[in-house]
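The whole structure should be built from the sequences, with the hints applied where relevant.
Protein sequences, first through last, are from chains H and S. The number in our numbering is simply the position in the first sequence, starting from 1, with 11 added. The number in our numbering is simply the position in the second sequence, starting from 1, with 3 added.
Keep in mind that the hints are not guaranteed to be accurate.
To be verified - Dumping the calculated DSSO-like pairs for lysine-lysine here, alpha-carbon to alpha-carbon at most 30 Å: (1) K412(S) to K150(H); (2) K222(S) to K170(S); (3) K222(S) to K93(H); (4) K325(S) to K128(S); (5) K93(H) to K72(S); (6) K93(H) to K378(S); (7) K166(H) to K174(S); (8) K150(H) to K273(S); (9) K150(H) to K256(S); (10) K154(S) to K174(S); (11) K150(H) to K174(S); (12) K29(S) to K80(S); (13) K99(S) to K412(S); (14) K325(S) to K52(S); (15) K412(S) to K93(H); (16) K100(H) to K412(S); (17) K166(H) to K256(S); (18) K378(S) to K222(S); (19) K93(H) to K436(S); (20) K128(S) to K412(S).
Think of the hints as simulated: they come from the structure by calculation, not from any bench.
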Amino acid sequence: MATQQTRTLGKLAVSPSVFALFMWMIVPLSMTIYFSFLRYNLLDPNPICSLLTPGALLEAENRCLAGFTNYSYFLTDPAFFKAMGNSLKLVGWVLGISVVAGTLLALLLDQAFYGRGFVRIMMIAPFLVMPTVSALVWKNMMMNPVSGFLAYLFKLVGLQPIDWFAHAPMTAVVIMVAWQWVPFATLILLTSLQSLDEEQKEAAEMDGTPPLSYFWYIVLPHLIRPMTVVILIETIFLLNVFAEIYVTGTGGRAGNLPFLVYQYGLIANDIGGASAGGIIAVILANIVAFFLMRMIGKNLDA
Amino acid sequence: MKPVFTGVFGAFMFAALASTAIAETKLTIATVNNSDMIRMQGLTDDFTKANPDISLEWVTLEENVLREKVTTDIAAKGGQFDVLTIGTYEVPIWGKKGWLVPLTEVDDPADILPAIAGGLTVDGKLMAAPFYGESSMVMYRTDLMDKAGLKMPDAPTWTFIREAADKMTDKAAEVYGVCLRGKAGWGENMAFLTATSNSFGARWFDENWKPQFDQPEWKATLDYYLALMAADGPPGASSNGFNENLALFNSGKCGMWIDATVAASMVTSKESTVADKVGFALAPDNGLGKRGNWLWAWSLAIPAGTQKNEAAQKFVSWATSKHYTELVAEKEGWANVPPGTRTSLYANPEYAKVPFAKMTLDSINSADPTHPTVKPVPYVGVQFVAIPEFAGIATTVGQIFSAALAGEKTADEALAEAQTTATREMTKAGYIK
Chain H
12 MATQQTRTLG
22 KLAVSPSVFA
32 LFMWMIVPLS
42 MTIYFSFLRY
52 NLLDPNPICS
62 LLTPGALLEA
72 ENRCLAGFTN
82 YSYFLTDPAF
92 FKAMGNSLKL
102 VGWVLGISVV
112 AGTLLALLLD
122 QAFYGRGFVR
132 IMMIAPFLVM
142 PTVSALVWKN
152 MMMNPVSGFL
162 AYLFKLVGLQ
172 PIDWFAHAPM
182 TAVVIMVAWQ
192 WVPFATLILL
202 TSLQSLDEEQ
212 KEAAEMDGTP
222 PLSYFWYIVL
232 PHLIRPMTVV
242 ILIETIFLLN
252 VFAEIYVTGT
262 GGRAGNLPFL
272 VYQYGLIAND
282 IGGASAGGII
292 AVILANIVAF
302 FLMRMIGKNL
312 DA
Chain S
4 MKPVFTGVFG
14 AFMFAALAST
24 AIAETKLTIA
34 TVNNSDMIRM
44 QGLTDDFTKA
54 NPDISLEWVT
64 LEENVLREKV
74 TTDIAAKGGQ
84 FDVLTIGTYE
94 VPIWGKKGWL
104 VPLTEVDDPA
114 DILPAIAGGL
124 TVDGKLMAAP
134 FYGESSMVMY
144 RTDLMDKAGL
154 KMPDAPTWTF
164 IREAADKMTD
174 KAAEVYGVCL
184 RGKAGWGENM
194 AFLTATSNSF
204 GARWFDENWK
214 PQFDQPEWKA
224 TLDYYLALMA
234 ADGPPGASSN
244 GFNENLALFN
254 SGKCGMWIDA
264 TVAASMVTSK
274 ESTVADKVGF
284 ALAPDNGLGK
294 RGNWLWAWSL
304 AIPAGTQKNE
314 AAQKFVSWAT
324 SKHYTELVAE
334 KEGWANVPPG
344 TRTSLYANPE
354 YAKVPFAKMT
364 LDSINSADPT
374 HPTVKPVPYV
384 GVQFVAIPEF
394 AGIATTVGQI
404 FSAALAGEKT
414 ADEALAEAQT
424 TATREMTKAG
434 YIK
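Below, the structure is given as structure tokens:
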């Protein structure tokens, strides 16, 4: 039993790491908030605009403070709505694909067959490839309209190869990202399948349950919880997809919110605008996370 | 104990002395990964032999990455680099901010081509030394021209280009009359389209910094470009940049290609299947007094934050000197000399034998960054506008025009969108009150 003393001691012992973690989060966040209210172009900085000279900072004629200009311009930018749409499309499609394909693959890998251990290891491999590397491989070796493997397959059956990045940039990005995240879903769902009660399985077999009903009434309810976990974790990561879009040069048409922030910050050198965009992205991600947590919380309590 | 201590101490002292005796100044040089720059890295022995106290460290990056790295480094006073490779867009902006050290030891500055030097000078001081300069011109297939029964004039008009492209196109044989840039980016499709718009009488901004995409000149430019590419361009043109078009031209799929003059040495090299059938002409015009060619120079500059100014000055001077030109000519032949920077190079009878030498010089000389357009403008720069906000605006506009080329929107929609975006950004930046 923890006494008052040991509890105090415990709090003291963890306080340095709690403090470090808090600083880790709060310093970048508050700097981003600070920059988001400044008129700050990297190529055109105003040296007077610094916290060290608060008087000059507040002076109207120096045009340091931007007020909510950065926010209002970001929110009314037509590119913002496009990027939002692209973000949602990307998350939606990849989630759909990875949950459905992940379930099917997990069911398959749960069967006993020769070389199962090896196949399982190979299945998880895409998840371990760095996004930049996978994007380069997909771009140059798979989806290239002239020399890519997909183009070869299309020609083999007498079809016109698709120029993925020119004509279907969003689909191309979805395919690449889904390839990376399906293994993750498979892994989680497979672990859960393995914990399915053996007795329940046997009982179902003895009752002669047809396979589809067995899946629908026994397997699926068992998988709902891990599925919500997959959805939560993937959503958080999929909102931040960047490498695949940057590397394949599809940012102009399939660019999502992180890409738009990059474009503001590093192409337009508009630090103020990019910071405002970053804050807006954080707020949106938190809204999504809030609803997801509630949804999952319900599932996990049950 | 004591003698041991003295011995150890002595050894340290000796080591310290020895290391100061051969102390090297290490220069960190940020550079772009194109062939001329890579070639220089192979020839630096010549420099380090003459300056044994200086060692060189290269950071070689792809063009866009280089730009990001160098910009953030110089703006945040990071001090990572001692010598920077930058373009004509950055030099006037950074020079005016006092971020660059004026160059004092450049080899024979009066010899630098005036059009190039003009873009690199701020307040009468040379802020960057040109490593190579380029303009744009028409490269065409002489055999296809003959087959079409036409003769390319030295200074063609846009009307002629359209006529020639229509006649050369043979889609069944995968021969496309003209290959032009379509990939979005301020240094990609917007470089070509801005330079082209100059010859159509268009301008980015009027004297009050108001964007001009709603004017008939821009409409004429975009209509011409889209119609030409729809009729005679290769498929998937909206993702073609310099390298993609180079590959198409070299494999014999383009009748004409309007792009950087540095491409001339590549389309006539061993890698090209059409090397002996290429002709050159000035970029087209519309009889308005401006041609559709740009002006660019990759240049070496020294950031104001460096501690190694002296060594950096020496290096920049060596890399952009006449001596270096001769060194390359001796080792790799005259065709591989970095082009477009010095008057003396074009006066050299050996260099005059290179097939594209004259057209490159004429193209560079016909571009005027201080008066780029038919109507007056408040800015400097031919295929760009030398203000900090331009890269961002032109990237967005480039994406819009690229989408128009891909058939996602019409010319009118694209221009209206471009006008809205540009007006928003210029208002936000405070140019439009």
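Hint-by-hint comparison with the structure:
no., hint, in the structure
1, K412(S) to K150(H), "holds, 26 Å"
2, K222(S) to K170(S), "holds, 25 Å"
3, K222(S) to K93(H), "holds, 25 Å"
4, K325(S) to K128(S), "holds, 20 Å"
5, K93(H) to K72(S), "holds, 28 Å"
6, K93(H) to K378(S), "violated, 35 Å"
7, K166(H) to K174(S), "holds, 19 Å"
8, K150(H) to K273(S), "holds, 27 Å"
9, K150(H) to K256(S), "holds, 23 Å"
10, K154(S) to K174(S), "holds, 22 Å"
11, K150(H) to K174(S), "holds, 26 Å"
12, K29(S) to K80(S), "holds, 19 Å"
13, K99(S) to K412(S), "violated, 39 Å"
14, K325(S) to K52(S), "holds, 18 Å"
15, K412(S) to K93(H), "holds, 15 Å"
16, K100(H) to K412(S), "holds, 21 Å"
17, K166(H) to K256(S), "holds, 20 Å"
18, K378(S) to K222(S), "holds, 16 Å"
19, K93(H) to K436(S), "holds, 28 Å"
20, K128(S) to K412(S), "violated, 46 Å"
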